[in-house]
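> Each chain, letter by letter, is given below.
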Amino acid sequence: QKEVEQNSGPLSVPEGAIASLNCTYSDRGSQSFFWYRQYSGKSPELIMFIYSNGDKEDGRFTAQLNKASQYVSLLIRDSQPSDSATYLCAVVQDGGTSYGKLTFGQGTILTVHP
Amino acid sequence: DGGITQSPKYLFRKEGQNVTLSCEQNLNHDAMYWYRQDPGQGLRLIYYSQIVNDFQKGDIAEGYSVSREKKESFPLTVTSAQKNPTAFYLCASSSRGGNQPQHFGDGTRLSIL
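Quick note, the sequences are listed as chains V and E, same order.
The first sequence begins at 1 in my numbering and counts up by one.
The second sequence begins at 1 in my numbering and counts up by one.
Just so you know, nobody snuck in bad clues.
Pairs of lysine-lysine, BS3-like flavour, derived with a Cα cap of 25 Å:
#	chain 1	residue 1	chain 2	residue 2
1	V	K42	E	K9
2	E	K71	V	K101
3	E	K14	E	K83
4	V	K56	V	K101
5	E	K70	V	K101
Chain E regions said to be covered by chain V (calculated; three or more residues, Cβ under 8 Å):
#	segment
6	42 to 52
7	105 to 111
Treat the hints as calculated values from the structure; they're not laboratory data.
Just so you know, these numbers come straight off a predicted model, no measurement behind them.
Just so it is clear, CB atoms sit at the ideal spot from N, CA and C, and this is done for glycine as well.
Given only the sequences and the hints, what does the whole structure look like? Please build it.
Pasting the structure below:
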């Protein structure tokens, strides 16, 4: 089983809709969760991070974390064509030898069509 | 402007050659990281360093080496032992503390000649 799993997509949504991206992780000790956006040919850009159960909102983006179910999701409201990119979920495992080590999912390709 | 600078943008390696990728940051971050990304895949950790003069192997360290002699610099050498070096290499940095967000440079694309 992969440590961090994402649906590779592609996920296609119309402009103005809500895009929902999901991520599950296997290590129950995971403490920190990040979402990165990566445009084709570019490096990843941090868009959200979340540490506690519940929702965290930043503009059109909402991150949701459920540690009991071991999943983290990203909602993008009012999706725009400029949101079309690959979204990477990343998880930091508990301390000890994994301290500070980010484990990435394989990414979900999002396409927002006009 | 604060940020992470990777150079060169593109690099070509000949058979049997070692090449070094540069990563410099002026964010005053303690921790630095090297990742490799292959087409259609997520990032895999090569090496990381939480403090000057100390570094740890990541998941795919074989065929790579690093040094951390200065806080702002974390160069990666791809040795001839790495048989499949063609990939997109990304350097990242963060404040100390395992849960701090990592920020990435623009990356270096390495290809075999």
